[in-house]
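Q: Go ahead and model the full structure; you've got the sequences and the hints to work with.
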Amino acid sequence: MVSRQPGNGQLLDDATNSAGPAASHAALDDILDLEKHKLANVPERQSSGTERWMKYLGFPLGIAVFLLIFYMPLPVGLTASGQAVLACFALALVWWVCEPVPTYLTSLILMIALVFTDGWDQEHVLGVLGFDVIWLNVMAFVLSSILVKTALAKRLALNLIIRFGHNASKMFLAFIVLQLCLAPLIPATAPRAVMTLPLMLVVAAIYGSTSDKVNGFGRNLFLQNLLGVNIFSSGFMTGSTANLIAISLIMSLSGEKVYYTDWMFASLPVVIIAMLLAWFFGPRLLIRLRPEERKPVIEGGIATLKRQLERMGKISFQEKKAAVIFGLVIFLWVTDRFHMQWFGFEINPVMAAMAGAVITFLPKIGLIKWNEADIPWHLMLFSAGAYAGGLALDNSGAARWAIASLFQHLHIGPGTNFWVVYVVIIAVNMYAHIFFTSKTMRVIIMMPIVIAVAQQLGFPVLALALPAAFTTDWVITLPINAKPNVIYFSTGQFSVLDNIKYGLVISTIGVIILTLAGMTWFRWLGITP
Amino acid sequence: MKKKASRVAALLFLLGMGLTGHAQELSRYAETVTLAADGSAAIRLLLEFRGPVVPRLLVPVRHRSVRGLQAKGLAPGALRWVEKGGKRFLELDLPATAAAAPRIEIAFTVDGYFKAAGRPGPFGNRALDYRFVNVSFSGIDNFSAALALPDGHVFNAVDRFIPEPAKAGMVAPFTIAQENGRITGRITLDGIGLGDEVALSCTFKKARRPPQLLFILLALAIAYLVFYRDVLKNGKNAAAKPRP
Numbered sequence: 000m001v002s003r004q005p006g007n008g009q010l011l012d013d014a015t016n017s018a019g020p021a022a023s024h025a026a027l028d029d030i031l032d033l034e035k036h037k038l039a040n041v042p043e044r045q046s047s048g049t050e051r052w053m054k055y056l057g058f059p060l061g062i063a064v065f066l067l068i069f070y071m072p073l074p075v076g077l078t079a080s081g082q083a084v085l086a087c088f089a090l091a092l093v094w095w096v097c098e099p100v101p102t103y104l105t106s107l108i109l110m111i112a113l114v115f116t117d118g119w120d121q122e123h124v125l126g127v128l129g130f131d132v133i134w135l136n137v138m139a140f141v142l143s144s145i146l147v148k149t150a151l152a153k154r155l156a157l158n159l160i161i162r163f164g165h166n167a168s169k170m171f172l173a174f175i176v177l178q179l180c181l182a183p184l185i186p187a188t189a190p191r192a193v194m195t196l197p198l199m200l201v202v203a204a205i206y207g208s209t210s211d212k213v214n215g216f217g218r219n220l221f222l223q224n225l226l227g228v229n230i231f232s233s234g235f236m237t238g239s240t241a242n243l244i245a246i247s248l249i250m251s252l253s254g255e256k257v258y259y260t261d262w263m264f265a266s267l268p269v270v271i272i273a274m275l276l277a278w279f280f281g282p283r284l285l286i287r288l289r290p291e292e293r294k295p296v297i298e299g300g301i302a303t304l305k306r307q308l309e310r311m312g313k314i315s316f317q318e319k320k321a322a323v324i325f326g327l328v329i330f331l332w333v334t335d336r337f338h339m340q341w342f343g344f345e346i347n348p349v350m351a352a353m354a355g356a357v358i359t360f361l362p363k364i365g366l367i368k369w370n371e372a373d374i375p376w377h378l379m380l381f382s383a384g385a386y387a388g389g390l391a392l393d394n395s396g397a398a399r400w401a402i403a404s405l406f407q408h409l410h411i412g413p414g415t416n417f418w419v420v421y422v423v424i425i426a427v428n429m430y431a432h433i434f435f436t437s438k439t440m441r442v443i444i445m446m447p448i449v450i451a452v453a454q455q456l457g458f459p460v461l462a463l464a465l466p467a468a469f470t471t472d473w474v475i476t477l478p479i480n481a482k483p484n485v486i487y488f489s490t491g492q493f494s495v496l497d498n499i500k501y502g503l504v505i506s507t508i509g510v511i512i513l514t515l516a517g518m519t520w521f522r523w524l525g526i527t528p
Numbered sequence: 000m001k002k003k004a005s006r007v008a009a010l011l012f013l014l015g016m017g018l019t020g021h022a023q024e025l026s027r028y029a030e031t032v033t034l035a036a037d038g039s040a041a042i043r044l045l046l047e048f049r050g051p052v053v054p055r056l057l058v059p060v061r062h063r064s065v066r067g068l069q070a071k072g073l074a075p076g077a078l079r080w081v082e083k084g085g086k087r088f089l090e091l092d093l094p095a096t097a098a099a100a101p102r103i104e105i106a107f108t109v110d111g112y113f114k115a116a117g118r119p120g121p122f123g124n125r126a127l128d129y130r131f132v133n134v135s136f137s138g139i140d141n142f143s144a145a146l147a148l149p150d151g152h153v154f155n156a157v158d159r160f161i162p163e164p165a166k167a168g169m170v171a172p173f174t175i176a177q178e179n180g181r182i183t184g185r186i187t188l189d190g191i192g193l194g195d196e197v198a199l200s201c202t203f204k205k206a207r208r209p210p211q212l213l214f215i216l217l218a219l220a221i222a223y224l225v226f227y228r229d230v231l232k233n234g235k236n237a238a239a240k241p242r243p
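Quick mapping for you: the protein sequence lines, in order, are chains A and B.
Just so we're aligned, residue 0 is where the first sequence starts under numbering that gives the first Met the number 0, counting upward by one.
Just so we're aligned, residue 0 is where the second sequence starts under numbering that gives the first Met the number 0, counting upward by one.
Some hints here could point you the wrong way.
[Claimed, not checked] Here are some chain A residues the structure puts well away from chain B; computed CB gaps all over 10 angstroms:
no.: 1; residue: I62
no.: 2; residue: S80
no.: 3; residue: I314
no.: 4; residue: W369
no.: 5; residue: G414
[Unchecked claim] Derived lysine-lysine pairs resembling BS3-like cross-links, with alpha carbons at most 30 angstroms apart:
no.: 6; chain 1: A; residue 1: K212; chain 2: B; residue 2: K232
no.: 7; chain 1: A; residue 1: K319; chain 2: A; residue 2: K368
no.: 8; chain 1: A; residue 1: K305; chain 2: A; residue 2: K319
no.: 9; chain 1: A; residue 1: K212; chain 2: A; residue 2: K169
no.: 10; chain 1: B; residue 1: K232; chain 2: A; residue 2: K500
no.: 11; chain 1: A; residue 1: K500; chain 2: A; residue 2: K169
Think of the hints as simulated: they come from the structure by calculation, not from any bench.
We put the CB at the ideal spot given by N, CA and C, even for glycine.
A: Shown next as structure tokens:
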């Protein structure tokens, strides 16, 4: 939850009222100077009353949860290390939500706790910092820095706002459409998040939301994009690697064939409806926008922004260079399926981003020096801890045990109505994402269980497994659930609690839509009986 | 040239005859290892056959200190220890037909199955290894091995399992359950080929966790509630970052 504070708009109005258009431009420059709001700096802010209580009680609550799990009699089927990992992860989860200590510190504590409780060995825990997700984050922020430094992000954002951003609602919709268009083109979610991040930062600033003075616009913008970048992946079979793994598991374990269009016709309408509901209800019910947050906080509104764009003049050489470097990386991301044919090997998104970063730093040719790259290292530690926890859950067998135990306790057996089983499977698959840091891991654990349940109960495998696979990319509740979440979270534009609020509501809407679709649309498509 | 070819053909025929004559299968191989706190293990083997039975069967036993050998379903003197190539085997003289020997049970005790003497490893863990290589004579339809831990002990972690799951989504066929009041790890596999290996490396430890951590963390929680009361007053706790 973000504290309500006077936004930049009010400050700006005070300044511009007395000093006229010149002051207005100066103040606008100040707003758009993102170097003053570096992501690498961790801002201190005041908390609301609820947040303060959560901080105060969160610390002992986390410890209580840890002790409860750690010292309870070992459940049958679980190893002692699995139990320790569960306890550590539960503690971290409570602390990430309540934030009695900073999120990155919780991650470090989690890493220490995993080692000290014999949950996972030190070598593996420390090795997580070398994972591709961490490298991708570092490179992503280097690339983002060149767009900010050369003002290309500012130019693009101003264009975007002048065309679509006359009010907050249209701006949100513009980004939703942008994410929908990118989803089938770039199969990895993190690159999509990286591409849109600089634009979002500038747009949020124009609407008065910066990392040290966040408002409702920034919170909604970043959370809606978090939803969009993840959920839209679910609209396409190639939207993420996890989707392809889910399909390959369905095909290999059940022998059923699923085509690209089968997936798209079934899932795309579901995700579009869900996103439209999030777009409509998010700023109205979940994180309400105040009237002053619905417009750019620039005196003179769009006209001032137009003047600002004109004042920027023609696109500079440096901006062109940034566009070429970023364009090259995007080109490599978009064309990954042709790499084998062209180069004899595939350039994965991390290497593509790294190639871009190398050019960026090249003396004389590049655009920035190391000190100018805005890399939030606290985020890398946060990510490393989160991934260590998630991987330890998988490695120790605790995640598999938890999911299998859950299904056992649901007492699903012969004679259970299909729709009861359907709803349970969709709900379990949907909400399970909260406890995972990897979609792939979740799919590998969940999908064989879903297929086994379908086969044991005599239901068509596709009727349960395919809708369950559609939930794969709904990883929207916590910053640790997916790479784009971590990237967006690093901007400080929303809190863990904001994320939970949006994520849980939209996940529940997702379960409802998928259930309704199962009874109507999927039935018409021949997926459900 | 023609003479050579006919010799090769004759050899292949004889080999083929030999192989046909040994086309038996172990329909079931079940091993139960019940560990005791002193490091010894009571081992029970259950063998069931399918098809005509070979006259002799070798069961590899990698432990040296073995006592109390017993057998059911075999003639007296039909069971002995032999050494081949520096490795130790139980050699069984089997009855002529499968019908005569549908089920054989062998029991013995191994001393020093795991290292019980001395201090345990880090976090109180003790290492436990299980290994089986099928050197019988043919495939095994159904293989199972159960490792029952000493009373009051639990599995800590499974470090290595062979065969590894062939593809994503498959689970290593190792389950943990409570059997006869003991925590038991069970490996179940179908279709073990000749020469195939089944191996498990794991650690186990006492079920009771040391209480020190409980007291330390409780003290920490209370200390936090006392020393960080200012979090409630001004919302700006130096130790806590309110937002990411």
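Q: Does each hint hold? Answer for all of them.
A: Evaluation of the provided hints:
{"no.": "1", "hint": "I62", "in the structure": "violated (4 angstroms)"}
{"no.": "2", "hint": "S80", "in the structure": "violated (4 angstroms)"}
{"no.": "3", "hint": "I314", "in the structure": "holds (33 angstroms)"}
{"no.": "4", "hint": "W369", "in the structure": "holds (24 angstroms)"}
{"no.": "5", "hint": "G414", "in the structure": "holds (26 angstroms)"}
{"no.": "6", "hint": "A:K212 x B:K232", "in the structure": "holds (21 angstroms)"}
{"no.": "7", "hint": "A:K319 x A:K368", "in the structure": "holds (18 angstroms)"}
{"no.": "8", "hint": "A:K305 x A:K319", "in the structure": "holds (21 angstroms)"}
{"no.": "9", "hint": "A:K212 x A:K169", "in the structure": "holds (22 angstroms)"}
{"no.": "10", "hint": "B:K232 x A:K500", "in the structure": "holds (26 angstroms)"}
{"no.": "11", "hint": "A:K500 x A:K169", "in the structure": "holds (22 angstroms)"}
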